[in-house]
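Numbering-wise (UniProt numbering), the sequence shown opens with residue 1 and increments by one.
Keep in mind that the hints were calculated from the coordinates and are not lab data. Keep in mind that the hints are not guaranteed to be accurate.
As the list claims (entries may be wrong) - Mimicking BS3-like on lysine-lysine, the simulated pairs with C-alpha atoms at most 25 Å apart in a straight line are:
#1 K94 x K338
#2 K341 x K64
#3 K120 x K241
#4 K87 x K159
#5 K349 x K288
#6 K322 x K305
#7 K93 x K341
#8 K184 x K87
Just so we're clear, the structure is a prediction, and the values are computed from it rather than from any experiment.
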Amino acid sequence: LAPNRELRLLCVRMKMQLIILISLFVIGAIAGKYSKEINEQKASDKNDNQVEFRIAKLNQVWEKAIRMQLAPVRLSELHSDLKIQEKDELQWKKLKAEGLDEDGEREAKLRRNFNIILAKYGMDGKKDTRALDSNRLKDHDVKDGDTFDDPRLDKLWNKAKTSGKFSDEELQTLQREFHHHKDKINEYNIVMDTVSRTEEIHKNVISPLEGDMKEHVVHKKHADLKQRMRDLNQGFERLRKITHEGYSADSEFKEPRVIELWEMAKRSNLTEVELDSLKEELRHFETKVEKHQHYQEQLELSHQKLRHVEALGDEEHIMRNKEKYNALAEKAREMGYKMKKHLQDLTNKISQNGLQHNEL
Numbered sequence: 001l002a003p004n005r006e007l008r009l010l011c012v013r014m015k016m017q018l019i020i021l022i023s024l025f026v027i028g029a030i031a032g033k034y035s036k037e038i039n040e041q042k043a044s045d046k047n048d049n050q051v052e053f054r055i056a057k058l059n060q061v062w063e064k065a066i067r068m069q070l071a072p073v074r075l076s077e078l079h080s081d082l083k084i085q086e087k088d089e090l091q092w093k094k095l096k097a098e099g100l101d102e103d104g105e106r107e108a109k110l111r112r113n114f115n116i117i118l119a120k121y122g123m124d125g126k127k128d129t130r131a132l133d134s135n136r137l138k139d140h141d142v143k144d145g146d147t148f149d150d151p152r153l154d155k156l157w158n159k160a161k162t163s164g165k166f167s168d169e170e171l172q173t174l175q176r177e178f179h180h181h182k183d184k185i186n187e188y189n190i191v192m193d194t195v196s197r198t199e200e201i202h203k204n205v206i207s208p209l210e211g212d213m214k215e216h217v218v219h220k221k222h223a224d225l226k227q228r229m230r231d232l233n234q235g236f237e238r239l240r241k242i243t244h245e246g247y248s249a250d251s252e253f254k255e256p257r258v259i260e261l262w263e264m265a266k267r268s269n270l271t272e273v274e275l276d277s278l279k280e281e282l283r284h285f286e287t288k289v290e291k292h293q294h295y296q297e298q299l300e301l302s303h304q305k306l307r308h309v310e311a312l313g314d315e316e317h318i319m320r321n322k323e324k325y326n327a328l329a330e331k332a333r334e335m336g337y338k339m340k341k342h343l344q345d346l347t348n349k350i351s352q353n354g355l356q357h358n359e360l
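Whenever a hint applies, use it, and build me the whole structure from the sequences.
Here's what the structure looks like:
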C-alpha cells in the first residue's frame, strides 16, 4: 500500500506544479499584453479593432478630432502631423532609454510640438483668437472682408489682383503663397503662447540645477521665435517684391513650401554644386506636394458627394461612395505623411549645412 500511496502523492504534486506553471504562463501573457497596450496602446477601436497610433495621448487627440467633425482635409493634415509626432516621440524614447537627452532639450521640443498641434487644430481648450490678437504681429482691428486677417497682406493681395501682371494660374500660385504666409503667422503666435507658458513655469522653479536647465530650454524657445520672425519678415518681403514686379520668367518653383526651402538654401553656406543637387531634389519634392494637394482636393469633392448621396438615402450608393471616400482619405493621409516627413528631412538637411544666421 505504501508504494501506491507515494505514487498517488507524486501524481498530485505533479498536477499541482502543472497547474501553477499554466497559471503563471497565463498571468504573464495577460500582464505582457496589458503593459504593451498601456505603453503602445494596441487596444481595440470601436469600429475595426485597430487604433491609429501607438501612443495613447495621440489616439485621444485623433478620437477627439473625429468627434469634433473636423473637415476632411484638416483631418488628413492632423493625421500626418500626429504620425510625425509619433515617430519623433518613439525615437526619443529609445534615446532616453540609452541615457541620452540628459538636458531634456529633445523632450521639451516634443512637448512644444505637441502643444502646437493641439492649438493648430483648436484642441488646446482655448478659444482661438490668435488671428484677431492685436498684441501679436499686428496692431489693427480686423475689418469685415479682410481676406488674410492682416491689412498688409490684404493690401498686397488687392494690388496683385488689380495689377494685370498675373495670369489666372499665377494668381492661384500667389494666393497659395499668401495663405502659406498667413499660416506661418498663426504658427508663430502659437509658439509665442507656448513660450509664455514655459516662462510662467520657469518662474516657479526652486532647484538651482533645474532652473539652469529650464533657462536653457527657454533660451532655445526664444531663439526659435527670433528665427521664425526673421523668416516671416523675409517671406513678406518676397510677397511684396512679387506683387510689385510679378513672377519672373525663370522662377524656380511654384509651391510655397518649396519656395521657402529654396530661399533658405540660397541664404545658407551650400556650395554651387550642393545647391544644384538640392534644386533637383526640391523639384521632386514639389511634384510630391502637388500630388498631395490634388488628393486633398479630390478628398474634399468626394466628401461633398458622399454628403449629397447620404441626403438621398440610397444605401447602395452610400456604401459605394463611402468606400471611395475612405480609400481617398487613406491615400491622402499616407501621402501627407510622406510629404511632411520629406519636408522635415529637407529642412534639417539645409539647417545642418549652416545657415548664415545660425549664430542662434
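The hints, checked one at a time:
{"no.": "1", "hint": "K94 x K338", "result": "holds, 22 Å"}
{"no.": "2", "hint": "K341 x K64", "result": "holds, 24 Å"}
{"no.": "3", "hint": "K120 x K241", "result": "violated, 29 Å"}
{"no.": "4", "hint": "K87 x K159", "result": "violated, 43 Å"}
{"no.": "5", "hint": "K349 x K288", "result": "holds, 18 Å"}
{"no.": "6", "hint": "K322 x K305", "result": "holds, 10 Å"}
{"no.": "7", "hint": "K93 x K341", "result": "holds, 19 Å"}
{"no.": "8", "hint": "K184 x K87", "result": "holds, 23 Å"}
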